[in-house]
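Given next are the chains, with one letter for each unit.
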Amino acid sequence: MTDSTVLKLNGLSKQFGPVVANDDVSLTLNRGEVLALLGENGAGKTTLMNMLFGHYLPDSGTIEVADTAGQLQPLPLGHPQLALAAGVGMVHQHFTLAENISALDNITLGSEPLFSLRRNRRAARRRVEEIIAQSGLNAPLDTPVGRLSVGERQRVEILKALYRQARILVLDEPTAVLTPQEADTLFENIRMMTNDGLSVIFISHKLREVLAFSDRIAVLRHGRKVGEMATSEADETSIARMMVGAETPELASAAMTPGAPVLTMSDVSVAGRSKRDTLNGVNLTVHAHEILGIAGVSGNGQSGLADVISGLAHPEQGLIKVNEVEIDTLSPAAMVQAGVGRIPEDRHREGIVGAMSVAENMIIERLDDGGVQSRGLLRREAMQANAERLAQAYDVRGPGVNAPARLLSGGNIQKLILARVFDRAPQLILANQPTRGLDMGAAAEVGRRLLEARERGAGVVLVSEDLDEILGLADRIMVIRDGELHQTPGRDREQIGLMMAGEPA
Amino acid sequence: MIRIEPRQTQSRAFTLGVPILSAVIALAFAAIPLLAAGANPIAAYAEMYRGVFGSVFAFSEVLTRATPLIFTGLAAALAFRAKLWNIGAEGQLYLGAMAAVAIGSGVLDVSGILLLPLIVVLGAAAGAAGMVAPTYLKTRFGADEVVTTLLLNFIILIFVQMMLEGPLQDPMSLGWPQSAPVLEQGMLPPLLERMRVHSGLILALILAGMAQFMLARSVWGFRLRAVGENAAAARHAGINVKRSLYGVAILSGGLAGLAGVSEVAGLKGYLTADLSPGFGYTGIVVAMLAGLSPVGVVIAALFIASVFVGADSMSRAMGVSSFLADLVVSMSLLCVLVGGFVARYRIVRASTARAAS
Amino acid sequence: MMDILNILLSESFWAASLRIATPLIFGVLGALICERAGVLNLGIEGIFVVGAMCGWMAVWLGAGLWGGVLVAALAGAFFGLLHAILTVPLGLSQHVSGLGITLFATSVSYYTYRTALPNVSSPPRIEPFQPLDLPILSDLPFLGSVLFQQTALTWLALLLVAVVWYVMNRTALGVAIQAVGDNPDSVDAQGLSVYALRMGAVAVGSALMALGGAFLTMSAFDAFFFGMVNGRGWVCIALVIFASWRPGKALLGALLFGAFDALQVRLQTEIGALVPGQVFLMAPYILSIIALVIAARSADYPRALLTPWFKGQR
Numbered sequence: 003m004t005d006s007t008v009l010k011l012n013g014l015s016k017q018f019g020p021v022v023a024n025d026d027v028s029l030t031l032n033r034g035e036v037l038a039l040l041g042e043n044g045a046g047k048t049t050l051m052n053m054l055f056g057h058y059l060p061d062s063g064t065i066e067v068a069d070t071a072g073q074l075q076p077l078p079l080g081h082p083q084l085a086l087a088a089g090v091g092m093v094h095q096h097f098t099l100a101e102n103i104s105a106l107d108n109i110t111l112g113s114e115p116l117f118s119l120r121r122n123r124r125a126a127r128r129r130v131e132e133i134i135a136q137s138g139l140n141a142p143l144d145t146p147v148g149r150l151s152v153g154e155r156q157r158v159e160i161l162k163a164l165y166r167q168a169r170i171l172v173l174d175e176p177t178a179v180l181t182p183q184e185a186d187t188l189f190e191n192i193r194m195m196t197n198d199g200l201s202v203i204f205i206s207h208k209l210r211e212v213l214a215f216s217d218r219i220a221v222l223r224h225g226r227k228v229g230e231m232a233t234s235e236a237d238e239t240s241i242a243r244m245m246v247g248a249e250t251p252e253l254a255s256a257a258m259t260p261g262a263p264v265l266t267m268s269d270v271s272v273a274g275r276s277k278r279d280t281l282n283g284v285n286l287t288v289h290a291h292e293i294l295g296i297a298g299v300s301g302n303g304q305s306g307l308a309d310v311i312s313g314l315a316h317p318e319q320g321l322i323k324v325n326e327v328e329i330d331t332l333s334p335a336a337m338v339q340a341g342v343g344r345i346p347e348d349r350h351r352e353g354i355v356g357a358m359s360v361a362e363n364m365i366i367e368r369l370d371d372g373g374v375q376s377r378g379l380l381r382r383e384a385m386q387a388n389a390e391r392l393a394q395a396y397d398v399r400g401p402g403v404n405a406p407a408r409l410l411s412g413g414n415i416q417k418l419i420l421a422r423v424f425d426r427a428p429q430l431i432l433a434n435q436p437t438r439g440l441d442m443g444a445a446a447e448v449g450r451r452l453l454e455a456r457e458r459g460a461g462v463v464l465v466s467e468d469l470d471e472i473l474g475l476a477d478r479i480m481v482i483r484d485g486e487l488h489q490t491p492g493r494d495r496e497q498i499g500l501m502m503a504g505e506p507a
Numbered sequence: 018m019i020r021i022e023p024r025q026t027q028s029r030a031f032t033l034g035v036p037i038l039s040a041v042i043a044l045a046f047a048a049i050p051l052l053a054a055g056a057n058p059i060a061a062y063a064e065m066y067r068g069v070f071g072s073v074f075a076f077s078e079v080l081t082r083a084t085p086l087i088f089t090g091l092a093a094a095l096a097f098r099a100k101l102w103n104i105g106a107e108g109q110l111y112l113g114a115m116a117a118v119a120i121g122s123g124v125l126d127v128s129g130i131l132l133l134p135l136i137v138v139l140g141a142a143a144g145a146a147g148m149v150a151p152t153y154l155k156t157r158f159g160a161d162e163v164v165t166t167l168l169l170n171f172i173i174l175i176f177v178q179m180m181l182e183g184p185l186q187d188p189m190s191l192g193w194p195q196s197a198p199v200l201e202q203g204m205l206p207p208l209l210e211r212m213r214v215h216s217g218l219i220l221a222l223i224l225a226g227m228a229q230f231m232l233a234r235s236v237w238g239f240r241l242r243a244v245g246e247n248a249a250a251a252r253h254a255g256i257n258v259k260r261s262l263y264g265v266a267i268l269s270g271g272l273a274g275l276a277g278v279s280e281v282a283g284l285k286g287y288l289t290a291d292l293s294p295g296f297g298y299t300g301i302v303v304a305m306l307a308g309l310s311p312v313g314v315v316i317a318a319l320f321i322a323s324v325f326v327g328a329d330s331m332s333r334a335m336g337v338s339s340f341l342a343d344l345v346v347s348m349s350l351l352c353v354l355v356g357g358f359v360a361r362y363r364i365v366r367a368s369t370a371r372a373a374s
Numbered sequence: 233m234m235d236i237l238n239i240l241l242s243e244s245f246w247a248a249s250l251r252i253a254t255p256l257i258f259g260v261l262g263a264l265i266c267e268r269a270g271v272l273n274l275g276i277e278g279i280f281v282v283g284a285m286c287g288w289m290a291v292w293l294g295a296g297l298w299g300g301v302l303v304a305a306l307a308g309a310f311f312g313l314l315h316a317i318l319t320v321p322l323g324l325s326q327h328v329s330g331l332g333i334t335l336f337a338t339s340v341s342y343y344t345y346r347t348a349l350p351n352v353s354s355p356p357r358i359e360p361f362q363p364l365d366l367p368i369l370s371d372l373p374f375l376g377s378v379l380f381q382q383t384a385l386t387w388l389a390l391l392l393v394a395v396v397w398y399v400m401n402r403t404a405l406g407v408a409i410q411a412v413g414d415n416p417d418s419v420d421a422q423g424l425s426v427y428a429l430r431m432g433a434v435a436v437g438s439a440l441m442a443l444g445g446a447f448l449t450m451s452a453f454d455a456f457f458f459g460m461v462n463g464r465g466w467v468c469i470a471l472v473i474f475a476s477w478r479p480g481k482a483l484l485g486a487l488l489f490g491a492f493d494a495l496q497v498r499l500q501t502e503i504g505a506l507v508p509g510q511v512f513l514m515a516p517y518i519l520s521i522i523a524l525v526i527a528a529r530s531a532d533y534p535r536a537l538l539t540p541w542f543k544g545q546r
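Chains as they are written, first to last, in the working numbering: chain Z, 3 to 507; chain Y, 18 to 374; chain H, 233 to 546.
Accuracy of the hints is not assured; some may be wrong.
Beyond 10 Å from chain H on every Cβ pair, some chain Z residues (computed) [as the list claims (entries may be wrong)]:
1) Gly-112
2) His-291
3) Leu-473
With a cut-off of at most 27 Å between alpha-carbon atoms, the simulated DSSO-like pairs for lysine-lysine come out as follows [said to hold, decoys possible]:
4) Y/Lys-100 <-> Y/Lys-285
5) H/Lys-543 <-> Z/Lys-10
6) H/Lys-481 <-> Y/Lys-100
7) Z/Lys-208 <-> Z/Lys-10
8) Z/Lys-323 <-> Y/Lys-100
9) Z/Lys-323 <-> Z/Lys-277
Hints were generated in silico from the structure; no laboratory data involved. Where a beta carbon is used, it is the ideal one built from N, C-alpha and C, also for glycine.
Could you build all of it, start to finish, from the sequences and the hints given here?
In structure tokens form, the structure reads like this:
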């Protein structure tokens, strides 16, 4: 057995301040094996892999990697350079590609002498083409990466690692940005590569793909390894229980009769700067007592749609009605005025002003409101009272309402935004990726609040790349692709996946 | 292995201590150029101290020198708070000064009591116009305001020279490029008998106090801070970012314009092309030393003014170049930058990797 | 109209244009290298002053002309490195640090000059670079006599345009610099040092900026004056945007600027009586703003410009 072991993690621990990210985690990986590292957000998967890759220094523990002869050798910790040299390659969730240079340049970056006047491009290209032929990872080599699709960029990332002769490949949530069908292709490629002796760790929180494509499964929870088994012996419920600790709370939603339309968009088009914020003639109606789920692969116009409902975009054409009143000049202020509550996709960038206090962030959308100001001056007691009330009601925890909002954890920042939005009892709610990056508890809280608003009579537009989330919450589902919205015939996962990929359903 | 980690909280001692320490370190560093010039640093510091605190007159000179620096420091502090990089206070100062002499030297027939307020208002308006233009180029065309305001400084200074050889030239000046003097009733009254310190200082202090209050307590200040700290979130929350930028542009330019008004109508009485020895640029140092706080600007301006006045008198007494003052000022900016880093981050020495067992 | 045409066709006009363009070529190339790596260097104005003063002083002290050039470049690199330390590993505001460097470098230069020469009424002169007579090239019609009037530093500037282009587009180093200015993580993930690339680029870019200053005291003039740089550095910051961070376009921008400046000097003598002279003096700065406004909309800024990067934080 030892001769086929290519990687051993022995008792790795890592603490960030008071937070224990990894606690005594041990793993082994065999040659040609696909090991799935499974866990909720915040379970410590990424931290573990960052230690392997030398980005983080473990507080304790050791790592051993097999050399080319198959002998396990200790890996000096905290040195990405040495991890690379030992044959460990990592494909991050956020691609580490320079967009202004070609794919080939990205692949060869760092592996040729910097201070040489000549480059041997031909040999490099030949090697990359060989790797492509072996692995099936197709990507145009001479195009600047900025013009490649997400799938192509991911393949370039993997090519980068293979070019560096990686024998162990770590893929961090590789399918998050892919259609189900693209994901299938990726797994086929991985199979081709493992048959050639590559070993793969792939990080995921999607049970389905883990069960379908891995050889072995290791489950992390709260930084600890809580289980490990051969995939053939695993089943969905048992792993889910392992991940979450208890049964997954089912979000029960009784069917409701939709009321009057709260949002109508007719033939709305936005010429965005890229595909992600472009809309082509979108029609949609959301009613009171209804959650409309918008499914789609990342970057297909979700941002454009969200920008319109947030009031940030300037549509070329089309009609937008909120509560059956036409909005003629779109602006964030106009939308807030019209009773739209908006939960932005990137809560750090658009949701809060990190340097300002929690209390200030709670009133930022209602500065003209007499409740918080009079004659242009802030009413500080009112602001304070408001903040304390909301922090209580929405369970916003942190170092106090007068501390800068950036000190809150991701989940608490989202609660702050929920408090700000839901406290105004909006008639229409836009929730754009509302649970991304949240732990189970915080995510469930978001779902509960959305269902509560629906109960109360609000209409909700739920934009998410997590199909499970949409299937669990939405009364009606539409698919967004290339800036166009498509009605789904039903709630069939397979069919929706095909629509997301642009294949005839 | 060394890592940089942000501090979770910033202690109050740091916020106050860093600028003071930076100023002290910059002053200490001045010993090097002093030694290079063959001067005894201890004697030089003593001379500088005398130059600042040696007499009531000496200190009144510091106050006089601090007055324009409070205005330009406020101009920079407010603009930087909104992340609007107004580096054009120098030019805006001259615009204000030009407006002051254009109106104040008897061109307009305004009754006595109205002339001074008119000079102040129009001087501020001229300065404001000098910042609104780059703000327009920024919001409309995306032209970086750093570059445009910097280049405008040169354009405006040449324009001043042109005016001083043309329409604004004093007919009695015998061909010198110098404006006609501001009329008596248009002058900011002096504060002390036989001293140069004038009521422009009072105006500067009032404005600093108002700016501090408005930033912390008003909705306007709230919006400005939000736009400066995170423009995307401010826009998403319904704040009109453009309007906030124009608002702060008007105020910032106006304050810089008032620096010019105060120098012309408070001190010199007329305009020449060497009115400002770089008050606009020094204002940026003042603002940074102040941590962009309006009240801090007053203290920082007093420090910088002391350095200039002290270095001047030391220079006269010991024959060391008075460029020493500029050296200290620029070093204190670099020191406060590094100090700000120390306050915001800490350098962590991570334990070295344990050998595998 | 005929007059303008005559001016545009004269050899002396183009010789003057190239002369005026030379310091800008150095400056724009320097700024280009810094910004390609993701660092805005507003220290440029002060680094010009340092280059002008140090280059001149080295020659005055007997280091020889090329010794002066070397000293100027090293002094520029030193102040560039200071900016790099503040903005790269420490990640401080590139705007404020750059302005600080400009103030610091300027005052150091002025103080040093004043301390070395306390009581001179007219600045001491050096023997500057002389026009370089290169065989064959100088024999070219028209172009030959335009080039014949240029000194070795102008030749160096033109050569550097080609060198910078080659390094940026044809070597691994150039690709790495472009990558670090676009997405530092891409460089870090491949085992290269973001800090070293950025700091090196800023130091080298600043050395080039200082050569622009040195040209002023060692070729265009023969002495050092206070205020002689006069905003040339800021003009370069505008021109680099106009040049969309490409060496070829940087040369073009600097030449256009030089031509315009040379033209206004000549027009001044022609129609100076009608318009105040200051209008002509203002023209270059106004031109820079116009160039910036035209280019700004479509400018393809290096994506990581102004954004600090810290190791281990992603």
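Hints and how they fare:
no.: 1; hint: Gly-112; result: 3 Å, violated
no.: 2; hint: His-291; result: 42 Å, holds
no.: 3; hint: Leu-473; result: 32 Å, holds
no.: 4; hint: Y/Lys-100 <-> Y/Lys-285; result: 33 Å, violated
no.: 5; hint: H/Lys-543 <-> Z/Lys-10; result: 26 Å, holds
no.: 6; hint: H/Lys-481 <-> Y/Lys-100; result: 30 Å, violated
no.: 7; hint: Z/Lys-208 <-> Z/Lys-10; result: 25 Å, holds
no.: 8; hint: Z/Lys-323 <-> Y/Lys-100; result: 36 Å, violated
no.: 9; hint: Z/Lys-323 <-> Z/Lys-277; result: 25 Å, holds
In this structure, the hints that do not hold are numbers 1, 4, 6, 8, in rising order.
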